[in-house]
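**Student:** Order-wise, the sequence lines are chains A and B. So the first sequence is numbered by the numbering used here: it starts at 1 and just counts up by one. So the second sequence is numbered by the numbering used here: it starts at 1001 and just counts up by one.
Hints are computed from structural coordinates only; laboratory data are not their basis. Model, not experiment: these values are computed from the prediction. We treat Cβ as the ideally placed atom computed from N, Cα and C, and that holds for glycine. Hints are supplied without guarantee of correctness; some may be wrong.
[Claimed, not checked] Only part of the chain A face toward chain B is listed, based on derived beta-carbon distances under 7 Å:
| # | residue |
| --- | --- |
| 1 | 63 |
| 2 | 65 |
| 3 | 72 |
| 4 | 82 |
| 5 | 83 |
| 6 | 303 |
[Claimed, not checked] Chain A regions said to be covered by chain B (calculated; three or more residues, Cβ under 8 Å):
| # | region |
| --- | --- |
| 7 | 17-29 |
| 8 | 90-98 |
| 9 | 194-200 |
[Unchecked claim] A short list of chain B residues far from chain A (calculated; beta carbon distances all over 12 Å):
| # | residue |
| --- | --- |
| 10 | 1093 |
| 11 | 1127 |
| 12 | 1280 |
| 13 | 1281 |
| 14 | 1290 |
| 15 | 1296 |
| 16 | 1322 |
2 protein chains.
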Amino acid sequence: MTQPQGGERPVVQKYGGTSVATLARIRRVAASVAEARRAAGGVVVVVSAMGATTDRLLGQARRLHPRPPARELDALLATGETVTAPLLAMALDALGTPAVSLSGLQAGIRTAPHHRRARIVDVVPQRITDELERGRVVVVAGFQGVIADTLETTTLGRGGSDTTAVALAAALGAGVCDIFTDVRGVYSADPRVVADARRLPEIGYDEMLELAAVGAAVLHPRAVEIAAAHAVPIRVRSTFHPRDQGTLVVREPTVEPRQKVRGIAHQEDCAKVTVVGVPDRPGIAAAIFSPLAAAGISVDAIVQNVGHAGLTDVSFTVAAADLDQIHDLLPQLVAAVGAAEATVDAAIAKVSVVGTGVLGSPGVAARMFRALADQRINIGMIVASEIRITATVPRDRAQDAVRALHRAYELERL
Amino acid sequence: MTQPQGGERPVVQKYGGTSVATLARIRRVAASVAEARRAAGGVVVVVSAMGATTDRLLGQARRLHPRPPARELDALLATGETVTAPLLAMALDALGTPAVSLSGLQAGIRTAPHHRRARIVDVVPQRITDELERGRVVVVAGFQGVIADTLETTTLGRGGSDTTAVALAAALGAGVCDIFTDVRGVYSADPRVVADARRLPEIGYDEMLELAAVGAAVLHPRAVEIAAAHAVPIRVRSTFHPRDQGTLVVREPTVEPRQKVRGIAHQEDCAKVTVVGVPDRPGIAAAIFSPLAAAGISVDAIVQNVGHAGLTDVSFTVAAADLDQIHDLLPQLVAAVGAAEATVDAAIAKVSVVGTGVLGSPGVAARMFRALADQRINIGMIVASEIRITATVPRDRAQDAVRALHRAYELERL
Chain A
1 MTQPQGGERP VVQKYGGTSV ATLARIRRVA ASVAEARRAA GGVVVVVSAM GATTDRLLGQ
61 ARRLHPRPPA RELDALLATG ETVTAPLLAM ALDALGTPAV SLSGLQAGIR TAPHHRRARI
121 VDVVPQRITD ELERGRVVVV AGFQGVIADT LETTTLGRGG SDTTAVALAA ALGAGVCDIF
181 TDVRGVYSAD PRVVADARRL PEIGYDEMLE LAAVGAAVLH PRAVEIAAAH AVPIRVRSTF
241 HPRDQGTLVV REPTVEPRQK VRGIAHQEDC AKVTVVGVPD RPGIAAAIFS PLAAAGISVD
301 AIVQNVGHAG LTDVSFTVAA ADLDQIHDLL PQLVAAVGAA EATVDAAIAK VSVVGTGVLG
361 SPGVAARMFR ALADQRINIG MIVASEIRIT ATVPRDRAQD AVRALHRAYE LERL
Chain B
1001 MTQPQGGERP VVQKYGGTSV ATLARIRRVA ASVAEARRAA GGVVVVVSAM GATTDRLLGQ
1061 ARRLHPRPPA RELDALLATG ETVTAPLLAM ALDALGTPAV SLSGLQAGIR TAPHHRRARI
1121 VDVVPQRITD ELERGRVVVV AGFQGVIADT LETTTLGRGG SDTTAVALAA ALGAGVCDIF
1181 TDVRGVYSAD PRVVADARRL PEIGYDEMLE LAAVGAAVLH PRAVEIAAAH AVPIRVRSTF
1241 HPRDQGTLVV REPTVEPRQK VRGIAHQEDC AKVTVVGVPD RPGIAAAIFS PLAAAGISVD
1301 AIVQNVGHAG LTDVSFTVAA ADLDQIHDLL PQLVAAVGAA EATVDAAIAK VSVVGTGVLG
1361 SPGVAARMFR ALADQRINIG MIVASEIRIT ATVPRDRAQD AVRALHRAYE LERL
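Using the sequences provided together with the hints, build the complete structure.
**Tutor:** Dropping the structure here:
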């Protein structure tokens, strides 16, 4: 991504679907953007589809086709954001703030030649910088991009507007990327599950990434990755409490020496897939996971059992939303690796303890398993990295698990 | 427009907003298209926005901005068609008919650099012919185009999907352009106004053009112009009665020797503008009408009074929808031509008698004015061409005038 040299640093702001759900809210966002415009050198705003638009469009597609073709879904779903952008530009113009809306194509958001979860491969922000120089606020339709060669419309997956915003912030050398959403920041656990969860004033990219990866839906993981790679500071803020400081996501968080665990994340819509009786030879993992990756399916929490009689079982978790596709792929996958069969448990959840250095910190893991055992919550699989320990649990016990862990690490204390 | 050489002639079908108003209707259209696909070499389908989508979007825009910027309106309104196209492609795919949706941009619909009523300047149908060769039905989002240099989205004005369809039919050398709509063809008058109006099996381009220009909203005038220029036969048909023959619009209609008048058209949403006390010198008409044309405002029924004392009055009619823009332009227009003032009558209608040779046919005009006088309907202005005589009448008498004229020319008879 090319970055313009010199000049004042623009600000990128992203407003999510709840923030632009009605015309009244779009007016409110316009007022907030107009204020930011007065304070900053230039403002680029990235918007999501209004409210439940994307779900409504997806529902229409599914009523017409049991498995809507991905290419057509992208063309359809992208319209949600294409509606919001000109509406916000009009609301800004009505306030006397010159503005112009741009589609992903016009904004130079170029993606890989895939649909539904396309990765941004380049940002060509010339049109944006031209418009900023003309003194206009630039409103970009989030979530969408284009395959440069073919002019095909692509979308970036759920939460893709975050990705658009951070990618633009990186390409424009923005001073900050404000992610306005319907929550007041990143919390030590989901406040809907844990009543005394507290807001984190600051968090590191890696910690945020792990939280996002395991269900803290505040920020899209891909957005955090791009922010980390380009050192773009992200501020997660509430549209409805604009004076709040929110949570700043940055490279070097202030260290809290006495508390390594930062938060408890959970993800309820998971499924566990087990490929049973796989011949245990080198390259077998690649043979299983390459076709899934090619189909754009994210896999997490991979566990391979110790083999016996030359056979092994490989388990992994996937998003419940991918189950349809998984069911399509499993037969040929089982045949390709010479496995006996594949089983699916569609009713699991993941619960994670997140914080830099948790795995190396004595007692963090032990306290986690003790807390779950005390609640008689069965653990299915365990995976751990330097900054995250994740356990799968039965879906109907997920919220109990989150509350128990939040208490166990005393996260309600400041 | 480049036309491909050789090969079977494809068919172009256009389905209007009522025809695709619901998912059930989209499914029905898909079935009809799939049937056409079996009969024809290739099928290109042009779709409008679903039902009242365009009006809904326009309403949202107006609630955010008293005069929404035209560029932003185009970006917003174009989404209506961009939703229908992939939905129909999915419905076709669900029936086992491979299909691909294309935006105006992807379909190569290039327009002049104007908004709201952009003219198509070129069609580059390479992508369409490629997809037809791959055996796919191509579903094109109507009403929208792109300014090639800047990638700006444009729209073609109300009824613009007709224009898309005919322009594509011309560029592709299509055998016929089927315009599927919610009426059963072109009638001798609006059947909602005249109970015994009859369907015309065939009509000439020029007659259709005059009917369209004065309110028979069955076909967009620009679409008829393009069809005439490229000799594309248009068949106006009912989506809900697909076995009906509808009305064929062609270059050489079957002559009906004893009846020159083909139909009565009317347009209720008109306004009359009079520029008063214009210095009567050469070029004054251009000085008045050039700025209106530049603003994309269509003017009809121009009447210039005989001047006295070197001054003259110039009257013309415009669509009521253009009144806001007219009010903006009038002060500078009056100043520029050195006129005294401009007046606007916002409550008029136009009533027209249409048929090849009407003006040259003895008695046609006389019978028109006698019929209106018998009903005590005041005539404001009169303009006539070889194939149309138009009178302005008070809006609240327009329907009486249509019924009186339909009777006067005995159009209820076959």
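**Student:** Evaluate each hint against the coordinates.
**Tutor:** Cross-check of the supplied hints:
| no. | hint | result |
| --- | --- | --- |
| 1 | 63 | holds (5 Å) |
| 2 | 65 | holds (4 Å) |
| 3 | 72 | holds (4 Å) |
| 4 | 82 | holds (5 Å) |
| 5 | 83 | holds (5 Å) |
| 6 | 303 | violated (38 Å) |
| 7 | 17-29 | holds (count 3) |
| 8 | 90-98 | holds (count 4) |
| 9 | 194-200 | violated (count 0) |
| 10 | 1093 | violated (6 Å) |
| 11 | 1127 | violated (8 Å) |
| 12 | 1280 | holds (41 Å) |
| 13 | 1281 | holds (40 Å) |
| 14 | 1290 | holds (27 Å) |
| 15 | 1296 | holds (19 Å) |
| 16 | 1322 | holds (20 Å) |
When held up to the earlier numbered hints, the structure conflicts with 6, 9, 10, 11 and fits the remainder.
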